[in-house]
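We have chain U already, so just place chains H and Y on it with the hints.
Line by line, the protein sequences are chains U, H and Y.
So the first sequence is numbered by this note's numbering: it starts at 1 and just counts up by one.
So the second sequence is numbered by this note's numbering: it starts at 1 and just counts up by one.
So the third sequence is numbered by this note's numbering: it starts at 1 and just counts up by one.
Simulated from the structure, these hints should not be mistaken for lab results.
Keep in mind that the hints are not guaranteed to be accurate.
If chains are identical, the list can't say which one is meant, so a pair holds when it fits in one copy or spans any two.
[Stated by the list, open to error] Derived lysine to aspartate or glutamate pairs resembling EDC-like cross-links, with alpha carbons at most 20 Å apart: (1) K20 x E62; (2) K20 x D155; (3) K32 x E62; (4) K120 x D57; (5) K56 x D104; (6) K124 x E107; (7) K141 x E128; (8) K126 x D10; (9) K56 x D103; (10) K44 x E62.
None of the values given here were measured: they were computed from a predicted structure.
Residue strings, one per chain:
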Amino acid sequence: MNNIIKSLSDLGIVLPEPTKPVANYSPYVIFKNTIYVSGQIPFKDGTIAYQGKVGKDININEAVDASEICLLNTLALLNLATNNNLNRITSCIKINVFINSTDDFFEQPIVADGASNLIKKIFKDKGEHARSAVSCNSLPKNASVEIDSVFQLGD
Amino acid sequence: MNNIIKSLSDLGIVLPEPTKPVANYSPYVIFKNTIYVSGQIPFKDGTIAYQGKVGKDININEAVDASEICLLNTLALLNLATNNNLNRITSCIKINVFINSTDDFFEQPIVADGASNLIKKIFKDKGEHARSAVSCNSLPKNASVEIDSVFQLGD
Amino acid sequence: MNNIIKSLSDLGIVLPEPTKPVANYSPYVIFKNTIYVSGQIPFKDGTIAYQGKVGKDININEAVDASEICLLNTLALLNLATNNNLNRITSCIKINVFINSTDDFFEQPIVADGASNLIKKIFKDKGEHARSAVSCNSLPKNASVEIDSVFQLGD
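Okay, chain U solo, but in the shape it has when bound:
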């Protein structure tokens, strides 16, 4: 059995408060055993941690950090969805990583690994996930990264 709660504790990760949607949609939807999590941006302590374009305003290390924050916000929502029992999440299926970058930035995979590495550390062998990573010329609230995702929920 997965022990995601223990993984978080071992890694010293304290989940942030779940963020509220910035408009008229839901933070997540559960359909059968699948949780669809809405696009998360790097909200942290009430502001957006990294705003602007990767490759100009934001360097690659900051972008990796932004990607991690998106994933932490995703986990906070999964925690809410499972009534504080993240162990009910049985696997990560897919993440879609959108990176607000300059036209000549080609290291989207490194940025996306901010989230992917964290998934692997936390979910261990249940963290094998599919992924896409593409650039965008702009994101909501001038965020540098947005990640939406699909997770599997146990019965």
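For chains H and Y alone, kept in the frame of chain U given last:
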């Protein structure tokens, strides 16, 4: 039970004719109880209602309108998929909103709410949906908005 | 019954070696009867066949070719996922086509048809798929096209 047909009538919404795909794909695919709807652009009366970049050629009110039209085209396809029985659609799972915008446009959530607000009005408590909203530097046929989506189909 | 292996043979298509992910994610994930394939770029013979922006560095015929290569790489992964028995793939559900283009390129559907036409030829009546096609201002490794996808797997 959902009464989407009544909601549409109450709101005075007359669905457009379902649009044909602009290339060699299907407007929607049903797999088990899930309907995947292809990306819809704001086709209206045979032309694209809003072409160009939001933040330059298209203002935010027009972009919201474009987003609504994308959703109406989606509903027209769901109506086709259910043989004119939209009440068989049991919920909206997810919409992905792509906005053809300038680099300095950050109000993607307002544009996406054009579609989301309509979903909430029509599906009521079954309209809770997950969402992503990102910008693109160009869209097919110079459309200002494209929306693809996933809906749940009852047995 | 589908005979995808025969279709490939009839069309003279030899699948490439499955590509390895360019970062810390999985090439595909199987959840119940659905296979989620990670975003594929036009890797061919160890390099990326078409790099740069469609509409400037890459013309439309080259972009169509890039789109086909993304699909062939997808099929190579499906072949791996099914232990060399592609006939177990019962249908294509959805492809998402991301095109690294200039701001004034509007023929995303033609580019995406590179992949869609190939799906139709290979899967025949099981090749009816939903699709979205949008532009991006940049893609990993300066690829001209990226395609992620969802396929149905038989029992």
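ask   = Checked against the structure, which of the hints given earlier come out wrong?
value = Hint check: 1, 2, 3, 4, 6, 7 fail, others pass.
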